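A.B. asks: One-letter residues, chain by chain:
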Amino acid sequence: MQDLFQNILEGFHLMLTLGNLLAVIFGVIFGVFMGAVPGLTATMGIALIIPMTYFLDPVTAFAMLLGAYKGGLFGGSIPAILINTPGTPAAAATVFDGYPMAQQGKAGKAMGIALYSSVIADAFTTICLIFIAVRLAKIALKFGPPEYATLIIFSMTIVASVSGRSLIKGLLAATVGFLFAIVGLDPMLSTPRFVFGSVYLFDGISVMAVMIGLFAISEVLIQAEQKEKKSTTYVPVSKGGATWEDLKSCLPTIARGSLIGLAIGAIPGIGGTVSSFLSYSEARRVSKHPEKFGTGVIQGVAAAESGNNAVCGGTLIPLMALGIPGNSTTAVLLGAFMIHGLSPGPTLFKEHSATVYGIFAGLILANIVLMVIGSLAIKVFSPVTKLPKSVVFPITAILCTIGTYGFNCSYFELWLMLLFGVIGYLMRKYGFPLAPLVIGFILEPIGERAIRQSLILSGGSPLIFVTRPISALFLFLALVSIFILSSAIKKAKSLN
Amino acid sequence: MVNDEKKKDIKIGIILLIFSVINYNIIIPYYVKGRTLSGLSPIFFPKLATIFLGIFSLALILSRWYSIRNKKEKEDNKGKKKEVGIVSYRSYRVLTTITIMSIYLMLFKQIGFLWATPPMLALLMFFFGMPKFKRLLFFCITTTVILFFLFEKGLKIPLD
Numbered sequence: 001m002q003d004l005f006q007n008i009l010e011g012f013h014l015m016l017t018l019g020n021l022l023a024v025i026f027g028v029i030f031g032v033f034m035g036a037v038p039g040l041t042a043t044m045g046i047a048l049i050i051p052m053t054y055f056l057d058p059v060t061a062f063a064m065l066l067g068a069y070k071g072g073l074f075g076g077s078i079p080a081i082l083i084n085t086p087g088t089p090a091a092a093a094t095v096f097d098g099y100p101m102a103q104q105g106k107a108g109k110a111m112g113i114a115l116y117s118s119v120i121a122d123a124f125t126t127i128c129l130i131f132i133a134v135r136l137a138k139i140a141l142k143f144g145p146p147e148y149a150t151l152i153i154f155s156m157t158i159v160a161s162v163s164g165r166s167l168i169k170g171l172l173a174a175t176v177g178f179l180f181a182i183v184g185l186d187p188m189l190s191t192p193r194f195v196f197g198s199v200y201l202f203d204g205i206s207v208m209a210v211m212i213g214l215f216a217i218s219e220v221l222i223q224a225e226q227k228e229k230k231s232t233t234y235v236p237v238s239k240g241g242a243t244w245e246d247l248k249s250c251l252p253t254i255a256r257g258s259l260i261g262l263a264i265g266a267i268p269g270i271g272g273t274v275s276s277f278l279s280y281s282e283a284r285r286v287s288k289h290p291e292k293f294g295t296g297v298i299q300g301v302a303a304a305e306s307g308n309n310a311v312c313g314g315t316l317i318p319l320m321a322l323g324i325p326g327n328s329t330t331a332v333l334l335g336a337f338m339i340h341g342l343s344p345g346p347t348l349f350k351e352h353s354a355t356v357y358g359i360f361a362g363l364i365l366a367n368i369v370l371m372v373i374g375s376l377a378i379k380v381f382s383p384v385t386k387l388p389k390s391v392v393f394p395i396t397a398i399l400c401t402i403g404t405y406g407f408n409c410s411y412f413e414l415w416l417m418l419l420f421g422v423i424g425y426l427m428r429k430y431g432f433p434l435a436p437l438v439i440g441f442i443l444e445p446i447g448e449r450a451i452r453q454s455l456i457l458s459g460g461s462p463l464i465f466v467t468r469p470i471s472a473l474f475l476f477l478a479l480v481s482i483f484i485l486s487s488a489i490k491k492a493k494s495l496n
Numbered sequence: 497m498v499n500d501e502k503k504k505d506i507k508i509g510i511i512l513l514i515f516s517v518i519n520y521n522i523i524i525p526y527y528v529k530g531r532t533l534s535g536l537s538p539i540f541f542p543k544l545a546t547i548f549l550g551i552f553s554l555a556l557i558l559s560r561w562y563s564i565r566n567k568k569e570k571e572d573n574k575g576k577k578k579e580v581g582i583v584s585y586r587s588y589r590v591l592t593t594i595t596i597m598s599i600y601l602m603l604f605k606q607i608g609f610l611w612a613t614p615p616m617l618a619l620l621m622f623f624f625g626m627p628k629f630k631r632l633l634f635f636c637i638t639t640t641v642i643l644f645f646l647f648e649k650g651l652k653i654p655l656d
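If you read the protein sequences in the order shown, they are chains E and R. For the first sequence, the working numbering begins at 1 and goes up steadily by one. For the second sequence, the working numbering begins at 497 and goes up steadily by one.
Calculated from the structure, these hints are not laboratory results. Treat the hints with care, as some may be off.
Looking from chain R toward chain E, a few residues come up when the C-beta cut is under 8 Å (computed) [claimed, not checked]: (1) 527; (2) 528; (3) 538; (4) 548; (5) 552; (6) 590; (7) 604; (8) 607; (9) 611; (10) 617; (11) 624; (12) 638.
Calculated lysine to aspartate or glutamate pairs in the DMTMM-like style (CA-CA distance at most 20 Å, straight line) [to be verified]: (13) E:429 with R:501; (14) E:292 with E:245; (15) R:529 with E:203.
Quick caveat, the model's predicted, so the values are computed rather than measured. Idealized CB from N, CA, C, for every residue including glycine.
Let the sequences and hints guide you as you build the complete structure.
C.D. replies: What follows is the structure, given as structure tokens:
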């Protein structure tokens with residue numbers, strides 16, 4: 001333990017130079033910007049600044065890259081709260097309560113709590129990364145296809161939490177999301193499914209086109225229904241930010257979100273979107289007023305953002321301890337490690353101990369910088385609420401177009417974005433919740449692949465899902481969750 | 497009015513039910529190739545999702561139909577007529593916005609972002625109710641130029 005503290009101090013000694021501090025500040029600012037523009041992601045941000053790090057020493061380079069990663073995760077919440085558009089897919093759950101809060105004139109409060117939740121969750125997982133990375137990574141490695149499959153089955157119970165007034169409509173939306181996710185080449189055999197002869201659909205439907213279309217373009221269409229009579233703001237101007245009382249009321253939610261994010265992040269291939277939805281669902285489940293979720297509850301924002309940002313430290317655990325990238329961002333970071341002559345894995349801690357602890361110190365520094373830059377970003381972006389809707393929504397439409405195009409440089413995806421915008425608009429008009437569709441769309445590919453791989457492993461026997469302890473545990477949790485949800489629904493019906 | 501919503505739900509349920517039948521019997525056999533070596537076939541999940549779609553659609557239809565039958569509510573016909581008027585006006589505005597965006601997407605591909613954006617942004621701003629021409633011009637030009645330089649020059653995303 002003493003050695004560990006010695007290493008951490010050495011890491012800080014290595015990190016605390018003016019050049020490194022400037023690198024972290026640049027990384028965080030760039031990351032927040034990338035996250036705040038719908039369509040641009042932290043992954044793209046990191047990929048874009050990697051060439052700038054070629055001539056820097058590894059500690060400075062990773063300070064910049066990880067600053068961009070953290071900034072990007074938080075930045076996604078800004079448009080989610082202000083214009084009902086998740087800046088990144090992982091910020092989709094922030095929309096549910098963030099945007100209603102903005103509509104009630106509490107955009108500053110929502111963004112403030114999003115920032116605090118992000119920073120606290122991130123700090124928690126960074127500490128976990130430093131102290132228990134190797135041990136946690138070994139547990140995460142026990143996850144095989146059956147465990148993934150049952151985790152996804154358990155995650156599907158989120159649909160009930162985000163279905164709003166009608167569970168049937170939520171289930172229908174999730175099923176439609178499932179069907180959209182099937183489009184493309186089969187994940188196991190690469191045979192075409194629902195591509196209708198179009199090569200553009202071979203890669204499936206872009207998640208960015210779905211998110212931006214469903215949330216942002218549908219909002220533009222809803223706002224287009226009525227012409228602005230005079231130059232009025234589209235939401236009431238925000239008064240005040242998050243207070244200590246707000247933060248205090250959210251601390252248990254943030255703690256839960258941090259643990260969920262850490263666990264989900266440590267498991268390769270799941271990611272921040274699932275984590276933020278799970279955290280949101282859990283916060284709603286334990287709340288004394290679950291019916292208020294979705295109407296602008298501050299805990300809803302805290303849950304989504306803590307679940308989303310805690311993934312940062314979580315995904316770095318398998319990457320640094322075992323050399324396994326858990327998502328696309330850490331895959332890009334793995335490339336950066338190799339460019340700088342470092343090979344992540346157990347030997348990294350032995351051979352490059354000073355650099356590793358310098359990077360850990362950089363993570364903590366990036367967290368502090370994020371707090372400062374995030375507060376400034378809130379001040380910079382808050383005036384959006386003062387703009388009239390005749391300015392905000394046309395510019396949102398253009399920004400969404402350029403963001404969706406920038407994601408894959410594909411014109412076809414622009415049409416998909418518009419199509420999903422119309423679908424989202426119709427769903428909202430007819431009282432269908434959007435969140436279950438997004439959940440179905442995101443979980444289907446991971447779940448289908450895992451179930452099919454499991455059945456290949458077991459020679460077709462479904463018993464594989466109950467004979468392995470972790471997968472049996474997830475199935476049990478899913479059953480408990482269904483039981484609790486059904487009794488809650490019965491209770492609500494009897495109260496009505 | 498509550499019954500109106502439920503009737504709409506029934507109509508949507510019927511549409512989704514018909515779609516699930518068509519999907520199961522026509523679209524999946526033609527557009528999902530079902531060869532398999534071991535484990536589940538690629539056709540399994542599309543069929544499963546379609547069956548669930550059908551079941552949930554049927555559940556929606558039956559639950560709303562049952563609910564309407566039990567609660568016979570009187571409706572205000574005058575109110576209903578007024579609402580129809582608003583809906584058609586709103587639909588016209590939404591359809592116009594979709595048309596403007598479709599034209600923008602076509603122009604985006606044909607003439608590039610820099611030339612397609614200012615007129616389309618101006619049109620959208622005017623349609624959303626921007627009252628002042630000078631302000632409209634200012635926002636159109638500054639937004640286009642800032643976004644162009646940010647994405648094309650800064651992030652190296654080819655926009656032209």
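A.B. asks: Okay, which hints does this one fail, numbers in order?
C.D. replies: 8, 9, 12
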